[in-house]
Amino acid sequence: MEDALMVALLLLDATIRLATPLVLAAFAALYGERAGVVDIGLEGKMLAGAFFSAAVAYSTGNPWLGLLVAIGASVVLSLIHGFACITHHGNQVVSGMAINILVAGLAPTLAYAWFQQGGQTPLLPGSARLPQIHLPGVEALAPIPVLGPVYRELIDDTNVLIWLTVLVVIATHWVLRRTRFGLRLRAVGENPAAVDTAGISVTRLRYQAVIITGVLTGMAGAYLSTAHGAGFVRDMTAGKGYLALAALIFGKWRPWPTLFACLLFAFTDAVQVRLQGVPLPVVGVIPVQFIQMLPYVLTVLLLAGFVGKAIAPKASGIPYVKER
Amino acid sequence: MAEGMAGKGFGMPGEVPGWVNYALLPLLNLFVALVLSGLVILVIGENPLDVLSLMVTEAVGYPEAIGYTLYYATSYIFTGLAVAIAFHCGLFNIGGEGQAYLGGLGAGLVGLAMTGWPWPVVALAAVAVSALFGAAWAWIPGWLQAKRGSHIVITTIMFNFIAASVMTYLLVDVLIKPGQQSPETREFDPSTWLPSMDHALGWVGISIPASPLNISFLWALVCCALFQLFLWRTRWGYEIRTVGQNERAAVYAGISPSKNIILAMLISGALAGFVGVNEILGVQHRILLNFTGGVGFVGIAVALMGRNHPVGIILAALLFGMLAQGGGQVSFEYPTVNREMVMVIQGLVILFAGALENLFKPQMEALFRRPKGDAAARGEGRA
Numbered sequence: 001m002e003d004a005l006m007v008a009l010l011l012l013d014a015t016i017r018l019a020t021p022l023v024l025a026a027f028a029a030l031y032g033e034r035a036g037v038v039d040i041g042l043e044g045k046m047l048a049g050a051f052f053s054a055a056v057a058y059s060t061g062n063p064w065l066g067l068l069v070a071i072g073a074s075v076v077l078s079l080i081h082g083f084a085c086i087t088h089h090g091n092q093v094v095s096g097m098a099i100n101i102l103v104a105g106l107a108p109t110l111a112y113a114w115f116q117q118g119g120q121t122p123l124l125p126g127s128a129r130l131p132q133i134h135l136p137g138v139e140a141l142a143p144i145p146v147l148g149p150v151y152r153e154l155i156d157d158t159n160v161l162i163w164l165t166v167l168v169v170i171a172t173h174w175v176l177r178r179t180r181f182g183l184r185l186r187a188v189g190e191n192p193a194a195v196d197t198a199g200i201s202v203t204r205l206r207y208q209a210v211i212i213t214g215v216l217t218g219m220a221g222a223y224l225s226t227a228h229g230a231g232f233v234r235d236m237t238a239g240k241g242y243l244a245l246a247a248l249i250f251g252k253w254r255p256w257p258t259l260f261a262c263l264l265f266a267f268t269d270a271v272q273v274r275l276q277g278v279p280l281p282v283v284g285v286i287p288v289q290f291i292q293m294l295p296y297v298l299t300v301l302l303l304a305g306f307v308g309k310a311i312a313p314k315a316s317g318i319p320y321v322k323e324r
Numbered sequence: 001m002a003e004g005m006a007g008k009g010f011g012m013p014g015e016v017p018g019w020v021n022y023a024l025l026p027l028l029n030l031f032v033a034l035v036l037s038g039l040v041i042l043v044i045g046e047n048p049l050d051v052l053s054l055m056v057t058e059a060v061g062y063p064e065a066i067g068y069t070l071y072y073a074t075s076y077i078f079t080g081l082a083v084a085i086a087f088h089c090g091l092f093n094i095g096g097e098g099q100a101y102l103g104g105l106g107a108g109l110v111g112l113a114m115t116g117w118p119w120p121v122v123a124l125a126a127v128a129v130s131a132l133f134g135a136a137w138a139w140i141p142g143w144l145q146a147k148r149g150s151h152i153v154i155t156t157i158m159f160n161f162i163a164a165s166v167m168t169y170l171l172v173d174v175l176i177k178p179g180q181q182s183p184e185t186r187e188f189d190p191s192t193w194l195p196s197m198d199h200a201l202g203w204v205g206i207s208i209p210a211s212p213l214n215i216s217f218l219w220a221l222v223c224c225a226l227f228q229l230f231l232w233r234t235r236w237g238y239e240i241r242t243v244g245q246n247e248r249a250a251v252y253a254g255i256s257p258s259k260n261i262i263l264a265m266l267i268s269g270a271l272a273g274f275v276g277v278n279e280i281l282g283v284q285h286r287i288l289l290n291f292t293g294g295v296g297f298v299g300i301a302v303a304l305m306g307r308n309h310p311v312g313i314i315l316a317a318l319l320f321g322m323l324a325q326g327g328g329q330v331s332f333e334y335p336t337v338n339r340e341m342v343m344v345i346q347g348l349v350i351l352f353a354g355a356l357e358n359l360f361k362p363q364m365e366a367l368f369r370r371p372k373g374d375a376a377a378r379g380e381g382r383a
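In order, the protein sequences belong to chains A and B.
Counting from 1, position 136 in the first sequence corresponds to residue 136 in the working numbering; the numbering is continuous, with no gaps.
Counting from 1, position 69 in the second sequence corresponds to residue 69 in the working numbering; the numbering is continuous, with no gaps.
Same shape as in the complex, but just chain B (with noise of 0.2 Å):
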């Protein structure tokens, strides 16, 4: 797989202009996908245009709404951001979830080990520790990948049972707060909580009203950056996107696709064990089952949209953060829209956007195609 993966990636560099093959594109399939979406909802009996629109206004209408899209799309970035680096390495980790859930513990259980201790060392910590958990359960899959060619999308989606078994495990028989029915942890002491966004920027003397945005989309952000930084600007970054290039040129230039291969996975799940960070330590101050909801993938399909670039990875989450509010907030007004539509529409985004992106690409590349040629044929036609 891995070498199949690696032949044609993601947003190569095409025939035609950049803003064409970095906005047209995916705008024109996501507009495909939405009308898709649309029938969808015209099946099941409302109508698409005051749905849709109902969606927009509640994810994007007014500051509360923009803090949960901000918010969805804190997780959002992270778990794209853990695709992408494993896409760069010509890996798939759909491994995500598992990793996200394992990241969450870490996060909680960081946060019911200190309590007393002021916010920022504890989210240090849980920083620390919930990659460390993330990465320990990307590693394995990595590991069997690297050493022993085991399919690794199998691995990771069999990973994500595996810790969605642990976890139950877990909450229900050994984190579970005594003289409780529900399997949650207790919470943790209010001063562990990572600080909500409002009331960060209250420090400062900027008011916005409560929402579960915290701080943690400020470490989404700074993720971001090093993500950038690491993989066009250091040796590590350019041997793990060489071997996602070429796994046998990779061997030629002395880059041993193993090593690599382990070390994107590392990352990979670091990077989406922060979601935990966001979800336990900033939103929900308990460890709980099913926190993670799909974050693992989702984080598939924005770093698909995004192209596997940090900048679009904050673009593609922003419009998944928008569809997770919008879409949670539609299902309270149409009986009929549940929660599940949400899924719909990602599939179908992930449908055009990443499987379908080659759609409209030779109309595209036939209206826009850099008038190389046509440059020359005109200097020769002069002299």
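Just chain A, same shape as in the assembly (with noise of 0.2 Å):
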């Protein structure tokens, strides 16, 4: 019993480690979409946050300073993504292709040139990455069954951004369903052509909600390299960008089935990692590579079938013209 519960437990806390990355780009691009402007370009933005937020922490000590750097250098991916996609009404998929590729070729070459350490950064000492969070009370609520082992592994010595990462879910759903420029994003992303006529700009709207994405993503590839790990190595976002677009079709672009879908989608992973060489009983041991790609086979699934309709926000992926 004693057991199982810890076993449950660990599952859990792995899988609330892995979903944050996750929940922050989908979150994400839940701005973006719900705006009307799709970010196939999640991939490459986590990647250049996670770049410059560990070569700037290496190199000043300061994991903020890289946050911050990151957060920069993100939102200005997603300005060139909005200046193709808002200004020059340019394909959004193209663009954010683009921008992958361009930032998958760029982080090693400066990290390279930078560290001369193979496409990657030097190893992030302790301090120099974003710190856990340590609660209060440990101790005293041991004894408690349960409680004691929930609040010890669940809840405290958390990483700092995963709290924050709490906040961006809540004030997403607030901002979105009780704010007017939540309302605004949503009418922008469904009927561009009313806004407009309200007297609102469709080019100011999308552009601040590429910019939240921009800031998310950075927030993201942060916590890969300076919180979940310590340093950047290449392709470190391995997909996260792509699933994290697949949990919010799964989600139907709404806060709370996308942070489901992303739970959902890191909880395979934690389970993937979990189940590398144990025999299963009947299977027998699975190779190793059939099992890591259970979360790619899983979102295949989960879009052909068990969606039911995801009827995505009506402008999404489609430029504004407005008529002369």
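Careful, some of the hints might be misleading.
Stated by the list, open to error - Covered stretches of chain A (chain B as the covering partner; in silico rule of three or more C-beta atoms under 8 Å from a C-beta of chain B):
#1 87-95
#2 140-153
#3 244-256
#4 293-302
By construction, these hints were calculated from the structure, which means they are not laboratory data.
None of these values were measured; they are calculated from a predicted model.
Glycine residues also receive a C-beta, built at the ideal position from the N, C-alpha and C atoms.
Given two chains presented individually in distinct reference frames, assemble the corresponding complex, making use of the accompanying hints.
Right, here's the structure in full:
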């Protein structure tokens, strides 16, 4: 009983840690797509965030400065995306793809030139990583069954960015549902012409949305290299940007279901890590490659069948050309 | 997404003469991309002009280099055509990478199985099987898009990851040559190898230096011609383009979108699969990990730059072949410039030639607008 609880708690703990970058990226895309800007380039922006946060954190020893620069770099890429898609009505998927390829080349190139370590940053010392938050009362609660271990394993000793992510989720729900900005954001993704007619600038709203996308993907990248990991390695995003997009579709572009989808993907990933090399009943040991592809197969299956009818924001992916 | 893609397609006729749209604008965008690449080279502490000129010399400066460039271009023509046919149907096939990987498996299995057969038979079989494997890998995302509405961009990307896992498993656990550390198969029997171009030209008395360029380059050119005929001279091509332009109009015309989406993806996957013939049967002569090295993604850039037309695709494939060959060689000369630098240039070219294709359009349209209105005005003036 005690053992089963511990296994479950460790699994959940891993789920939360793995879900954080997915949640940040998926919510980043949520703002963009609700405003009508599709962003395949999450992957590249996260990678840029991961690289710049690790590079700055290593050079200055200050992870917070790293986080800021990561957000800055990611916002710059978002603005490039916006410039191509909003200002010049370019193809949004192509623009996102270009950003992914650009950063996949640029990050190792710069890492190689600056650190001479084969395209990665040096390992970060503990002080240059974003801190874990220690809560009081772990000792006091320890004797209580269930609650004690839950508090110790799940809630205590959690990275500060995970707490920030929780705030982002709650804030997003509130912004989208309860604020004027959120209403306009949703409107511009459904019917930009109506928003325009009401005298609100479509361009301005969409730029605001992609800037938020940039901030959140920058945070996601910083989490990967300075909180979850300890340094930048090439291709460290490993498809998380695309998984986040899939989670957003699975979550039907709504905050809470999207959060749930991210947790589901992260849970699969956590299980995947634990299953490697473990013999299962009937089938025996499954080759590690098949276990590793679980999240991707799950994504395809979810998109194929269990989503129900996923209705994207109506104007998502379509440039708004003002009638003249 | 499919509907969104269709509205304002790439290379739609504009208000300007063809040469502006098809030559001047792409070249202008390419120029900006190269200038920015130069800036990146400057940032990492090298002289951009030196690096770029060395790149050009190493790509086209001597016959052997040209052979290498054409060898890279061969694969890019295949993936460029693959992306283009999907584009014509309003689909974005990002899965060229995985389809090429599986195509290589197909070509490789033929190479392994047909020991002792003469090479023309092996080549034909490899073309058929690699097309089959590539098409099969593209069929699932195509079917899911057509029947279940699953976002093809996401599913094709997921299939790239799945292909990588499947191939790693096959090479590590199944196909590996026994008693060997690195995950690759045994070498094929030399009789099954696709003749290299220097070899083939030797039969007709022309001698060129040895390079990986092989006769699959000719097959790539044939594919370009077939692509042209299929898309603009057959009913099937017409139906695919109709679905790509306007799905609802297609339905009213009695054309089934889902049938054509699947057909376009099958052809797309088959074309990407041919990369395997060039790489595996023509050059590597064994199946190995990650031999695709990003060809599927370069195919997107090639199709965009080539305006989804075979002639444009050949030209764009040559450009990216030069980048691959020149960039690879530069990394030997300059320790700080590594192979990833090529991806930076590729990314910038895709950004400017694809997403920002309209960047200079207003200015160019103002400069080169067809003088229809002018002529009319002048005519009136004279009357």
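Hints and how they fare:
| no. | hint | verdict |
| --- | --- | --- |
| 1 | 87-95 | holds (count 8) |
| 2 | 140-153 | violated (count 0) |
| 3 | 244-256 | holds (count 3) |
| 4 | 293-302 | holds (count 5) |
Hint 2 from the earlier list is the only one contradicted by this structure; the remaining hints agree with it.
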